[in-house]
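Asker: Listed below, chain by chain, are the residues.
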Amino acid sequence: EPEVTQTPSHQVTQMGQEVILRCVPISNHLYFYWYRQILGQKVEFLVSFYNNEISEKSEIFDDQFSVERPDGSNFTLKIRSTKLEDSAMYFCASSLGLAGSHEQYFGPGTRLTVT
Amino acid sequence: DQQVKQNSPSLSVQEGRISILNCDYTNSMFDYFLWYKKYPAEGPTFLISISSIKDKNEDGRFTVFLNKSAKHLSLHIVPSQPGDSAVYFCAASAKETSGSRLTFGEGTQLTVNP
Numbered sequence: 533e534p535e536v537t538q539t540p541s542h543q544v545t546q547m548g549q550e551v552i553l554r555c556v557p558i559s560n561h562l563y564f565y566w567y568r569q570i571l572g573q574k575v576e577f578l579v580s581f582y583n584n585e586i587s588e589k590s591e592i593f594d595d596q597f598s599v600e601r602p603d604g605s606n607f608t609l610k611i612r613s614t615k616l617e618d619s620a621m622y623f624c625a626s627s628l629g630l631a632g633s634h635e636q637y638f639g640p641g642t643r644l645t646v647t
Numbered sequence: 224d225q226q227v228k229q230n231s232p233s234l235s236v237q238e239g240r241i242s243i244l245n246c247d248y249t250n251s252m253f254d255y256f257l258w259y260k261k262y263p264a265e266g267p268t269f270l271i272s273i274s275s276i277k278d279k280n281e282d283g284r285f286t287v288f289l290n291k292s293a294k295h296l297s298l299h300i301v302p303s304q305p306g307d308s309a310v311y312f313c314a315a316s317a318k319e320t321s322g323s324r325l326t327f328g329e330g331t332q333l334t335v336n337p
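If you're matching them up, the sequences are chains A and B in order. In this text, residue positions in the first sequence follow this note's numbering: the first is 533, and each later residue adds one. In this text, residue positions in the second sequence follow this note's numbering: the first is 224, and each later residue adds one.
Misleading hints may appear alongside valid ones.
Below, a list of computed lysine-lysine pairs in the DSBU-like style, where the Cα atoms sit at most 35 Å apart [to be verified]: (1) B:LYS279 to A:LYS589; (2) A:LYS589 to B:LYS318; (3) B:LYS294 to A:LYS589; (4) B:LYS291 to A:LYS589; (5) A:LYS615 to B:LYS277; (6) B:LYS279 to A:LYS615.
These are calculated hints, taken from the structure and not from any lab test.
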């Protein structure tokens with residue numbers, strides 16, 4: 533069964549460094565997303581991406597965040613200058629994009645630890 | 224942000240019995256609701272969904288009920304199995320078209336005892 537994959541599973545970085553989290557969405561899906569879950573808190577939406585551009589973003593997704601689909605399979609989240617409060621699980625998700633279909637399929641996550 | 228709320232942080236049931244997980248929402252614009260299951264160190268796994276034009280959707284042991292007037296939905300698992308032990312998240316979407324953000328509840332830890 534097709535699944536969303538994410539690398540790395542765990543990333544440790546120092547405050548102020550740039551990190552890139554990588555995702556391979558399900559191949560025939562058209563919408564891609566990033567969510568995060570800070571320890572003990574809810575899963576929060578960051579950004580959605582469709583047709584090579586951002587379709588929606590949350591207030592969390594400020595100028596230090598960017599997303600890119602560098603080729604036909606990868607979808608990346610870049611954090612330019614990490615802060616301690618960026619420590620969280622980051623989940624990538626994808627969806628088919630068919631009318632009436634809202635199901636999003638999530639990857640296993642990347643645990644980001646900023647020290 | 225309390226738009227989707229799961230008031231019970233945990234639920235414990237005996238194997239074979241029914242598990243009922245509850246979820247409330249406040250945003251009237253939500254028109255599609257989903258339940259996800261999450262094991263430790265894994266991402267959320269889609270379980271079942273329901274559109275606001277329906278009041279019930281069933282898939283095997285899982286049934287979701289939607290009460291729009293009360294802004295309440297519930298997930299029933301019958302019969303419950305030990306492998307169902309996980310955190311269950313309720314999520315909601317506010318657009319008719321695909322691709323919109325999901326707003327999640329806090330999650331309920333379900334433990335099914337053998």
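Asker: All hints are to be evaluated individually against the structure, with a verdict given for each.
Answerer: Checked hints:
A C-alpha spacing of about 31 Å is found between LYS279 of chain B and LYS589 of chain A, which places the hinted pair at or below 35 Å, so the restraint holds. Restraint check: the Cα-Cα separation between LYS589 of chain A and LYS318 of chain B comes to about 14 Å, which is no more than 35 Å; the hinted pair holds. Restraint check for LYS294 of chain B and LYS589 of chain A: the C-alpha separation of about 26 Å stays at or below 35 Å, so the hint holds. The suggested pairing of LYS291 of chain B with LYS589 of chain A holds, with an alpha-carbon distance near 27 Å, which does not exceed 35 Å.
For the proposed pair LYS615 of chain A and LYS277 of chain B, the alpha carbon gap of about 44 Å is over 35 Å, so the pair is violated. Restraint check: the Cα-Cα separation between LYS279 of chain B and LYS615 of chain A comes to about 44 Å, which exceeds 35 Å; the hinted pair is violated.
In this structure, the earlier hints numbered 5 and 6 are contradicted, and the remaining ones agree with it.
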